[in-house]
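**Q** All chains, please: the whole structure from these sequences, using the hints.
Number of protein chains: 2
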Amino acid sequence: MTTVDDVSRPSRLADPDEGISIEELGLAARNHALPLEALRYDVTPVGLHYLLIHYDIPDLDPGRHLLTVDGRVDRPLTLDLAALRERPRVTRRVTLECAGNGRALLTPRPVSQPWLSEAIGTAEWTGTPLAPLLREAGLGADAVDVVFTGADHGVERGIEQDYQRGLPVAEALREEVLLAYEMNGLPLLPQHGAPLRLVVPGWYGMAHVKWLTRITVLDREFDGYQNAVAYRLRTSADDPGVPVTRIEPRALVQPPGFPDFMSRTRVLRPGLCTVEGRAWSGHAPVTAVEVTTDGGLSWAPATLEPATGAAELVNGADPDSAGQRESAGQRESAARGPAVDERWAWRRWRYEWPATPGRYTLGARATDASGRTQPIEQPWNRGGFANNLVQRVEVVVTEDH
Amino acid sequence: MTTVDDVSRPSRLADPDEGISIEELGLAARNHALPLEALRYDVTPVGLHYLLIHYDIPDLDPGRHLLTVDGRVDRPLTLDLAALRERPRVTRRVTLECAGNGRALLTPRPVSQPWLSEAIGTAEWTGTPLAPLLREAGLGADAVDVVFTGADHGVERGIEQDYQRGLPVAEALREEVLLAYEMNGLPLLPQHGAPLRLVVPGWYGMAHVKWLTRITVLDREFDGYQNAVAYRLRTSADDPGVPVTRIEPRALVQPPGFPDFMSRTRVLRPGLCTVEGRAWSGHAPVTAVEVTTDGGLSWAPATLEPATGAAELVNGADPDSAGQRESAGQRESAARGPAVDERWAWRRWRYEWPATPGRYTLGARATDASGRTQPIEQPWNRGGFANNLVQRVEVVVTEDH
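Just so you know, the sequences run in chain order A and B. Under our numbering, the first residue of the first sequence is numbered 184, with each subsequent residue one higher. Under our numbering, the first residue of the second sequence is numbered 184, with each subsequent residue one higher.
Treat the hints with caution; some may be incorrect.
[To be verified] One-sided excerpt, in silico: chain B residues whose CB lies under 8 Å from chain A:
| no. | residue |
| --- | --- |
| 1 | Tyr-238 |
| 2 | Asp-239 |
| 3 | Asp-242 |
| 4 | Leu-243 |
| 5 | Asp-244 |
| 6 | Gly-246 |
| 7 | Pro-297 |
| 8 | Val-580 |
Since the hints were made in silico from the structure, they are not lab data. Built from N, CA and C at the ideal position, the CB exists for glycine as well.
**A** So this is what it looks like as structure tokens:
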């Protein structure tokens with residue numbers, strides 16, 4: 184019992200009536216979720232953005248940190264932070280979501296980080312685009328995958344590893360992909376990948392490698408643990424499955440009223456209530472949000488705000504308004520300084536609800552331009568990935584005013 | 184079922200084999216703990232400090248925020264943030280711990296926020312001392328308790344309330360108590376009480392009222408929910424109990440080596456390992472830390488660093504060195520700018536462990552100058568408060584180098 188092989192146990196599903204274990208709780212204590220009232224902020228304040236840290240936060244010295252670009256390139260490169268900061272500088276507002284968001288609501292529950300619905304956040308990431316750097320290194324014509332290595336080190340299912348993820352070369356060359364060194368206008372915090380991380384707008388969090396030390400171009404598909412074993416949609420333990428990639432559409436309700444401490448049930452006075460929330464998708468722009476107050480039996484359209492969160496409202500369900508929204512967003516960005524690309528950020532929506540006494544289950548459902556939407560009953564996969572079940576917010580509207 | 188009374192359920196204890204419930208998990212997802220590797224930082228980076236938010240983070244405008252001082256005072260006062268910032272400015276480094284830390288490790292487990300061992304953090308709080316303000320308002324000779332009201336609003340066990348805590352007047356007049364508007368040199372974040380909170384060095388977190396709006400002096404003991412019902416040490420549901428006040432001594436190990444993702448078991452190579460951690464107490468200075476590698480069967484003394492985390496080591500078990508430590512700390516503070524009072528901050532300790540292959544359970548035990556120390560078997564109380572059971576860190580030292 185004294186080799187690395189012995190510290191991990193095999194993956195498993197919880198028994199039907201099995202509560203959350205102390206091990207799962209230990210992960211929930213480490214890995215922060217977004218308190219849902221923080222959906223009110225266009226950009227998530229520091230410390231409220233979700234976090235999923237596979238191993239430990241590494242202790243890195245920004246002054247000595249080096250990024251190496253190697254593998255199937257003509258000119259391997261090594262850059263320090265100063266060199267990266269001298270390159271073109273871009274800021275993008277991007278919504279990130281953990282691929283395992285919603286896992287703890289599945290039946291049976293895959294035993295891993297037990298997310299409910301809140302493993303999300305939106306930040307303004309500043310850095311330099313990756314694609315020009317890869318082109319300068321001279322990508323081989325035979326390049327297939329680009330592997331990103333982080334400095335966080337641990338064991339997972341018996342495999343000792345630095346966290347590594349491969350990205351298909353076409354994705355790595357997208358102009359939106361960033362090597363980020365700032366978050367919300369400040370240097371990256373240790374827990375968000377300081378001093379350097381990858382940001383792959385539209386993809387689930389596992390692709391945005393933190394504490395980035397190395398970029399390696401391969402002439403084959405990367406077969407490392409996080410691509411070949413961990414982040415796959417499988418129906419059973421022996422199904423090879425398909426890779427987890429882009430974020431499925433999701434809308435979340437910012438819970439109205441005020442909460443009960445323990446149950447988080449919401450209390451609301453009768454009257455007109457503006458129900459608000461956010462919606463996003465990694466596949467295509469969100470085109471519509473619908474709201475339910477009866478747990479999904481009936482739905483009504485919400486009003487979708489422009490991508491900037493500006494005051495001008497347009498009906499998100501109207502396809503003609505998409506161009507209008509885009510340009511409104513760009514005007515807003517221009518007015519407050521250098522343009523911030525917000526195409527990959529969540530959008531606010533609103534719904535006016537005449538609340539009368541009773542018990543309600545609120546939820547919202549996003550649809551994107553690719554036609555994808557959210558299920559009422561969640562399809563199941565063994566890793567508990569890419570869930571986007573409609574949220575359930577329990578609300579009591581009281582008799583008293 | 185449509186009044187406020189109906190949204191809460193009575194307090195309860197978990198059944199012996201009952202796993203963590205979805206409701207408890209929901210609180211664990213909201214209320215952040217400190218990832219234990221963050222014990223490496225003298226001051227906890229933004230976003231890693233523990234958080235316990237009873238209701239929702241309120242949405243307050245710092246430019247319009249007012250603090251009222253009223254009740255049994257000669258001259259009731261109303262101050263805005265600008266007026267508070269013009270008053271004398273002090274920075275104190277203070278370790279905060281949630282009163283419920285360790286609750287989920289109790290048997291039977293009180294059903295509430297299910298903390299393991301990590302509901303802690305150390306920050307540099309900047310603000311103005313409370314005592315001069317109370318004296319300016321003219322404290323009545325009959326003052327007994329000072330009640331602090333926050334802007335966070337919710338229901339708890341059927342009681343709708345703004346979060347309120349009473350503090351005995353002698354405690355409120357301690358020179359260390361601050362009205363804080365900055366944390367780690369930046370304006371308070373929303374989740375830490377922006378724009379104004381109370382800091383009561385040495386007391387558990389429930390006393391450090393966030394989103395502070397009102398200070399009311401009473402000529403009697405405050406009988407509000409958080410003092411009379413919630414934060415009490417009770418042996419049974421009908422025991423009136425005693426109030427939860429100051430932080431019991433505790434030491435935590437910064438887990439050595441690297442972790443397994445799921446179990447968080449640590450893997451270590453054989454050889455000399457510096458085991459490090461932090462220790463603190465709200466009653467009196469920590470005077471000794473001992474380390475166990477066999478789950479508490481045997482103990483060896485650790486070396487306690489000066490309060491500043493400076494390089495000079497002194498043996499914490501030697502009472503003669505206390506004065507030396509204090510002055511070393513003050514020199515260090517002076518060298519980097521205005522003096523920061525660190526008397527209420529955790530202190531680093533170290534222990535050199537010659538690790539040989541095998542399985543170990545690491546832990547540490549703090550003793551303070553009042554003679555208080557940590558138990559190996561945790562006494563139980565119905566609310567799960569003021570626990571300071573010795574931590575258990577499972578470590579595998581491998582055969583391989």
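**Q** List in ascending order the numbers of the hints, as given earlier, that are violated by the structure.
**A** Violated hints (numbers, rising): 4, 5 and 6; every other hint is consistent with the structure.
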